[in-house]
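Protein sequence lines correspond, in order, to chains A and B. Sequential numbering of the first sequence, starting at 1, is according to our numbering. Sequential numbering of the second sequence, starting at 1, is according to our numbering.
Any given hint could turn out to be false.
[As the list claims (entries may be wrong)] Here are some chain B residues pointing at chain A (derived, C-beta under 7 Å): (1) Thr50; (2) Ala54; (3) Gly80.
Since the hints were derived computationally from the structure, they do not count as laboratory data. The beta-carbon is built from N, C-alpha and C at its ideal position, and this holds for glycine as well.
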Amino acid sequence: MSETNQARLHVELTDGPIDFAALTEEVRSPAAGAVVLFLGTVRELTNGRRTVALDYEGYPEMAKAKMLELCRGAAEKWPVVGARVVHRLGHLELGDVSVAVAVSCPHRKDAFEAGRFLIDRLKEIVPIWKKENWADGSTEWVHPGSEFTTELS
Amino acid sequence: MTVTVQLFARARDLAGTSSLELDLSEAATVGELREVLISQEPRLTPIARTLLVAVDGEYAANDAPVREGAEVACFPPVSGG
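Pulled out of the complex, with its shape left as it was, chain A reads as follows (with noise of 0.2 Å):
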């Protein structure tokens, strides 16, 4: 990886609103002909279930470490001009978004590639952890692979 892909990776946590628009302006660049963006919201049905409100938690410091890996890691499997990944953490409502991956290259394949690497894998390893705020009033960890887990994609 170059020093140029290295300065154009960045990873941000933050309790306020993300602001998606800048975050996609960030990587856009006269290299890259294909920019992606991708964005979690909260959803309001689960299974039939409905939620009112997300809290989410992380592990501060390694969540952005593992951020910063997974950036460094797609710029080493596609040519990756920018990439910006942020996770919001705190209580959000529904549709706010919880987390933006920006991700540019020359071509939309590797940009589409990229940028679902990142969710994916961000989604698997990084620290950060949701609990759900059910309409019946009761609240809820997402924990996959136990036996308390309600799946969410």
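Since the structure of chain A is provided, determine the placement of chain B on it from the hints.
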């Protein structure tokens, strides 16, 4: 030696605290740390099987060493995104 373990998400809620101090042997491994953690805080038993351990910011297997002063965290499977 004493090692401080940070807890997150359901692990923190079950234990009722965000960190615990564990007394471990000098040549402790992550596996031993898990055993001491559960015996000292039995309320974590329901999620013991799925708990992940990170040492100095990296996921650590049961045979990995735990050194004095290491930053240790235990937490359930992640669910960001």
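Hint-by-hint comparison with the structure:
no.	hint	verdict
1	Thr50	holds, 5 Å
2	Ala54	holds, 6 Å
3	Gly80	holds, 3 Å
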